Amino acid sequence: MRLVEAIPALFMLVLAGIIVFGTAGLNHWDGITPGARFFPTILAIAGSAVALVLLWAQWRGFESVILHFPTREAAFRVGTTVAALVALAVFTPLVGFIPALAAFMAVMLLAILRQRPLPSLAATVIVSGFVKLVFIHWLSVPLPMPLGF
Amino acid sequence: MLRRTFTFGTAALCGALLAGTAMAQDMRAPEGPIEFTVGSGAGGSPDVIMRTYAQIMAEQGIVPNAIVVQNRSGGGHSNAYNHVLGLPGDETTLLTLASPVFTTPIVQGTPSVIDQITPIALLAESELVLLTTPDSPLNSLQDVVAAATEAPGRVRVAGGSSGGNDHILTGLLETASGTTLTYIPHESGSAGRATFLGGNVELHFATLSEALELITSGTGKPLAIFSEERRPEEAFANVATAREQGVDVVYTQFWGVGGPAGLDPAVAAWWADKFAKAAESPQFQEWLDANLYRANMLTLGDAGTYFADGQQTFRDVLTRIGLAK
Amino acid sequence: MIDQLLLGFATALEPQNLLFILLGVLLGQIVGALPGLGPSAGMALLLPLTFGLEPVTAVMMLAGIMYGGQYGGTLTSVLIAVPGEASGVMTAVDGNAMARQGRAGAALSISAIGSFLAGIGAVTAVALLAPPLASFGLKFNAPEYFLLALLGVLAIGSLGGSPIKSLAAAVLGLMIALIGVDPLTGTPRLSFDQPLLMKGIDFIPVVIGVFGIAEVLASLERIESVKPIRTRLRDMWLTSNDWAVCRLSIVRGGVIGLFVGIMPGAGASIASLLAYLTERKFSRSPETFGKGAIDGVAAAESANNAASHGAAIPMLSLGIPGSASTAILLAALILHGIRPGPQLMTQESALVWGLIASMFVGNVFLLILNLPLAPVFAALLRIPYVYLAPSILGISLVGAYAATLDISTVWMSLVFGLLGYAMIKFGIPRPPLVLALVLASLMETSLRQALLLSFGSPMIFLERPISALLLCAVALAIVLPVLTAIRQRRFAERMKRGAR
Chain H
1 MRLVEAIPAL FMLVLAGIIV FGTAGLNHWD GITPGARFFP TILAIAGSAV ALVLLWAQWR
61 GFESVILHFP TREAAFRVGT TVAALVALAV FTPLVGFIPA LAAFMAVMLL AILRQRPLPS
121 LAATVIVSGF VKLVFIHWLS VPLPMPLGF
Chain Z
1 MLRRTFTFGT AALCGALLAG TAMAQDMRAP EGPIEFTVGS GAGGSPDVIM RTYAQIMAEQ
61 GIVPNAIVVQ NRSGGGHSNA YNHVLGLPGD ETTLLTLASP VFTTPIVQGT PSVIDQITPI
121 ALLAESELVL LTTPDSPLNS LQDVVAAATE APGRVRVAGG SSGGNDHILT GLLETASGTT
181 LTYIPHESGS AGRATFLGGN VELHFATLSE ALELITSGTG KPLAIFSEER RPEEAFANVA
241 TAREQGVDVV YTQFWGVGGP AGLDPAVAAW WADKFAKAAE SPQFQEWLDA NLYRANMLTL
301 GDAGTYFADG QQTFRDVLTR IGLAK
Chain L
1 MIDQLLLGFA TALEPQNLLF ILLGVLLGQI VGALPGLGPS AGMALLLPLT FGLEPVTAVM
61 MLAGIMYGGQ YGGTLTSVLI AVPGEASGVM TAVDGNAMAR QGRAGAALSI SAIGSFLAGI
121 GAVTAVALLA PPLASFGLKF NAPEYFLLAL LGVLAIGSLG GSPIKSLAAA VLGLMIALIG
181 VDPLTGTPRL SFDQPLLMKG IDFIPVVIGV FGIAEVLASL ERIESVKPIR TRLRDMWLTS
241 NDWAVCRLSI VRGGVIGLFV GIMPGAGASI ASLLAYLTER KFSRSPETFG KGAIDGVAAA
301 ESANNAASHG AAIPMLSLGI PGSASTAILL AALILHGIRP GPQLMTQESA LVWGLIASMF
361 VGNVFLLILN LPLAPVFAAL LRIPYVYLAP SILGISLVGA YAATLDISTV WMSLVFGLLG
421 YAMIKFGIPR PPLVLALVLA SLMETSLRQA LLLSFGSPMI FLERPISALL LCAVALAIVL
481 PVLTAIRQRR FAERMKRGAR
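Residue numbers (UniProt numbering), protein chains in the order written: chain H, 1 to 149; chain Z, 1 to 325; chain L, 1 to 500.
Please note that the accuracy of each hint is not assured.
Covered stretches of chain L, as calculated for chain H (at least 3 residues, CB under 8 Å) [stated by the list, open to error]:
| id | stretch |
| --- | --- |
| 1 | 176-186 |
| 2 | 407-419 |
Selected chain H positions facing chain L (Cβ under 10 Å, derived; list incomplete) [to be verified]:
| id | residue |
| --- | --- |
| 3 | 7 |
| 4 | 33 |
| 5 | 59 |
| 6 | 109 |
| 7 | 130 |
| 8 | 143 |
| 9 | 146 |
Because the hints were derived from the structure by calculation, they are not lab data.
Just so you know, these numbers come straight off a predicted model, no measurement behind them.
For glycine and all other residues, C-beta sits at the position ideal for the given N, C-alpha and C.
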């Protein structure tokens, strides 16, 4: 068992700790019924128990994780995609959903996935047009449009 | 609670006076499409009220702008009021005021919403009726008080949500009669009604229109109405007010509308005028009658006083039942 | 009653009403197929379209959007594994696995047929038995709901390959649901004074992140090798073998869906989960569940459509909405000045029977629409994945925003996308997390409500007959897997010793 395989169990233990610490001011019992802290405590206990069993099972070899680390190229692709998603969320309130979405599509297809320009632009136009037509015109969802489109 | 009843008389007087000043005051129409922000999901009472107003305003040509009712539900209406509080001075967004707008900040310990927004109008009120199961030995509010005095906490109320109107009313009832009841909160008013109809509890509070259905179908037995006077409808004529039964509680549920902080008074006055016009339309009156709601059109400053009183009641009761932070 | 139903059909078959039923199911199908938007969100968005219509026409159209949305949600679940509502999670697992095996057309067809048959069955029950079924539904309350939810969470543990990892994912889902405010009292809990957290964590960003975004990120790693799914025409349709496997699944799924649907507090999500788990017990090939079991898809989809029709029973005979969608239907009645309540069926019988008849008609429309189109929709998967990937990401995030009108939902989706990606990497199954998240608040609130009802006595779970039965089921669900595990280990050890 490698250390990295223990991450899910450790994550659960940390969460259980946060729950215990974060609900410190609340009551376990509120008159005749469980209070606001009752379920969190049960879950913290259950979470720790499951995490410990998982650790034990992994250590004894009952549970194994075959971790497929992405190749460098693949990791780069996933990383840049996440960055592009974050940029989409950041720019949406500033420039509006449609322009941000169009830019996202174009960057994804041209720069990150390295597709040919013409089909990429076509896909960009189709998806942005679809969203504009369906969400804005038809369902009249107030998507952010600070620039007016 | 008494304070609220006092304002009725004064409000009527001030209303007449202020209506005069409102006329004299500049009115300016907002430009562009309007959003009525509603904190409940589609189908909640505040949503239905705003959609009715929006529909009447559009159909009767009272408001030329396009109006969209937008449900920003979740977080005890905080999604909705935070959206509107985030748009100070904005002329095209109005916030629907329902009890969670008042109670959520009190329960969560965040700044009051009602103190920040620009009050525009009180839109509708609804009286509440206390019901019990048809075969219950309880036959009046005194019976309830007696039962709850004998065995404190043994009388159960199936309620809408914690801090909701029926929870507040339960609290007021407890204070006025010196008893303890067990209030069981649910995810929604109708979930509470399911618990009541399933015969799991003794008591349930309902608005008049809900109560009318339960009474006429024989699935609920009315014990008291929490208004100043009895209702004239046949089904309610024999339902005594709480006061008549020696418990001094008068409480009405209400819905209102307000604008963002710093809204131009001329725009606020314009909206107050439009809401009042819509409320006067026969279409709206018919709708009010069908739902047994009451119109008590207060606008601007009067509405503000009314809302502030409501907030005080909420804060007092929530503090007493230990929910206020 | 037959007279009334015939009268209802006469209303529903009027040309104008027929047109609006068709329009409703079409719109529902389209909105339901958008990621993040399920039937109730679709109804809320399209509610203004019904203004100005006659009340009966308006509810017919809205109801059409409701069950049309169920059919539409199947599309996104099967094709891109992003369910529109919690009731589609099982379909997103097995239906999408089928799509990857080139059998998207079959998955969509069996869903349409199952939904149709279960829907028609449920509407028949609405027409014939609404009042008795409604009073049966009322027998379920907090104690029963708690045990149902507990049963669901325990069963989730057996969903994936490894029970420990499935349980870990389920506990994680329950933990996420704690964030926000205490569901019973509204006091802030684990929100660390952040307004963003105080709103609680909604189902939509979690499902879009954990299913949609995470899946795309994982596929992007090996984008060179992801070939468009080649579907052969003969794989598009159901085989006679498929039909033989699924016939009874549809019946079982439909019956479970109907019964869960009539309980005012449980929804289509519990219905489809229970139907799926039951089906695995009955299936001749339980090992395929989670890897593209057509009978699993049939049961889950039949159940959620039956439940969404079954929810009409408490709505029409008691005025109590059993789901977010029926709450909007009731609101439409109120908007038209009709008071819903126990007397609706007698006082507004023309409207009620018209609505019931329209559900028969609408389901026929949907079947006619979906069967021939299943292969067409399935052909969408022929688009090269490189082009699908960014489109799925973009449209999912727009859907997430549209569902709440709040940019923080988009951020939330991204965070859960990363969590889901990590779960894929570590081999932790994702469906348990999403299902547990949905069951969490029902579980917590109903336990506390039950103890309020009984003044703190846990005996309430034994004193109520249905609750006592469910308690036995919970006990079995806990004891059986443990016994089996012990027996298997003993067996394995004996084998080992024997080998030595």
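Do the hints match the structure? See the list:
no., hint, in the structure
1, 176-186, "holds (count 4)"
2, 407-419, "holds (count 6)"
3, 7, "holds (7 Å)"
4, 33, "holds (4 Å)"
5, 59, "violated (13 Å)"
6, 109, "holds (6 Å)"
7, 130, "holds (8 Å)"
8, 143, "holds (7 Å)"
9, 146, "violated (12 Å)"
Checked against the numbered hints above, the structure breaks hints 5 and 9 and satisfies the rest.
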